[in-house]
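Colleague: One-letter residues, chain by chain:
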Amino acid sequence: MSSSLHQFIIAAAIVTPFAHIPLFAHKVEAGFPSPADDYIEGRLSLDEHLIQHRDATFFVRAKGHSMMGAGIFDGDLLVVDRSLTPASGDIVIAVLDAELTVKRLVWRDGLVILKPENPDFQEMVLKDGQELQVWGVVTSTTKKFN
Amino acid sequence: MPIALVDCNNFYVSCERAFNPELEGKPVVVLSNNDGCAVARSNEVKALGVKMAEPWFKMEQLAKRHGIIALSSNYALYGDLSARVMSLLSTFSPKQEIYSIDECFLDLDGFDLQSLVAYGQTIRRTIKQYVGIPVCVGIAETKTLAKLANHCAKKRLAGRDGVCDFGRYSDT
Numbered sequence: 010m011s012s013s014l015h016q017f018i019i020a021a022a023i024v025t026p027f028a029h030i031p032l033f034a035h036k037v038e039a040g041f042p043s044p045a046d047d048y049i050e051g052r053l054s055l056d057e058h059l060i061q062h063r064d065a066t067f068f069v070r071a072k073g074h075s076m077m078g079a080g081i082f083d084g085d086l087l088v089v090d091r092s093l094t095p096a097s098g099d100i101v102i103a104v105l106d107a108e109l110t111v112k113r114l115v116w117r118d119g120l121v122i123l124k125p126e127n128p129d130f131q132e133m134v135l136k137d138g139q140e141l142q143v144w145g146v147v148t149s150t151t152k153k154f155n
Numbered sequence: 008m009p010i011a012l013v014d015c016n017n018f019y020v021s022c023e024r025a026f027n028p029e030l031e032g033k034p035v036v037v038l039s040n041n042d043g044c045a046v047a048r049s050n051e052v053k054a055l056g057v058k059m060a061e062p063w064f065k066m067e068q069l070a071k072r073h074g075i076i077a078l079s080s081n082y083a084l085y086g087d088l089s090a091r092v093m094s095l096l097s098t099f100s101p102k103q104e105i106y107s108i109d110e111c112f113l114d115l116d117g118f119d120l121q122s123l124v125a126y127g128q129t130i131r132r133t134i135k136q137y138v139g140i141p142v143c144v145g146i147a148e149t150k151t152l153a154k155l156a157n158h159c160a161k162k163r164l165a166g167r168d169g170v171c172d173f174g175r176y177s178d179t
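Residue numbers (the working numbering), protein chains in the order written: chain A, 10 to 155; chain B, 8 to 179.
Just chain A, same shape as in the assembly (with noise of 0.2 Å):
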């Protein structure tokens, strides 16, 4: 039977109770402890800083060398919001004759263009008929290098 994953390996954000983890205000160091570790500066949560609304948040395994220009690259993990509206200049995965791709969404003269960050890539530019649906809008990008 064929299977449910899409080629991009969509997976739902799931968001479980996050772990607060201290920002602490200074260096670890060897040594007599700081009395100001008790006043710890703020506390980090990626999910806060990432996500905005948790309902509409995904993530998205990005494919491919098109959008190596914003910084996307191949296996970085999107974080795409379906709630957000999207603007001219904003990087979304948008479906195209029905397949998901990644690609900065511009209009320019009346025109609605998907563009590639990527010098090999050609933009396209969406002719009369052809349906444009936006998926979402990608708000980060984030790579695990270990």
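To be clear, the hints were calculated from the coordinates, so they are not data collected in a lab. Just so it is clear, the structure is predicted and the values come from calculations on it, not from any experiment.
Result set (DSBU-like, lysine-lysine): computed pairs, CA atoms no more than 30 Å apart in a straight line:
#, chain 1, residue 1, chain 2, residue 2
1, A, Lys136, A, Lys72
2, A, Lys153, A, Lys72
3, B, Lys135, B, Lys53
4, A, Lys72, B, Lys33
5, B, Lys71, B, Lys161
6, B, Lys135, A, Lys136
7, B, Lys58, B, Lys162
8, B, Lys150, B, Lys162
9, B, Lys102, B, Lys150
10, A, Lys136, B, Lys33
11, B, Lys162, B, Lys102
12, B, Lys135, A, Lys72
Beta-carbon label-pair distances, calculated as ranges:
#, chain 1, residue 1, chain 2, residue 2, range
13, A, Gly98, B, Arg163, 33 to 43 Å
14, A, Gly98, B, Leu120, 37 to 47 Å
15, B, Met8, A, Asn127, 49 to 59 Å
16, B, Arg132, A, Asp99, 16 to 26 Å
17, B, Ser122, A, Asp99, 29 to 39 Å
18, B, Lys102, A, Gly80, 39 to 49 Å
19, B, Ser94, A, His58, 13 to 23 Å
20, A, Asp99, B, Arg72, 37 to 47 Å
21, A, His62, B, Met8, 22 to 32 Å
22, B, Lys102, A, Arg70, 34 to 44 Å
23, B, Arg175, A, Asp83, 52 to 62 Å
24, A, Gly84, B, Tyr176, 52 to 62 Å
Idealized CB from N, CA, C, for every residue including glycine.
Starting from the known structure of chain A, fit chain B onto it as the hints suggest.
Modeller: Chain B alone, transformed into the frame defined by chain A:
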């Protein structure tokens, strides 16, 4: 005191379509564990006469003839999308009763009776945009009638564009 019943259309199929636009407009079934029987059918498949819970081995020939796409179930996905839908729906009313994986009642007591249909449309648009799941909304004075109104909306027997408010119809 109006009550709304919000119900997702062909839920498991819609979940699959949300992530694979190629499935739109095509006859799709989702099969139960071990690919035993059809637990969700797209409208195209329903039109071919396939019944709910039809065993896969019985419909395999029909599927081949009509190009029905059969998918193994992905309950982790359906559960997650359901949670999103329910969480979003909870913002539309102070009182929500989740009824099943794809249905929930919303209490509309105190809401402006003239604009319930428009409210229902807002609910539909929001869920479709935020999660990619199409839903229908039935509104009536009781839960049972709201479910009936939802059925009417879904089958286009009454109401408009997936929303049916029985309160808009007179008693006669």
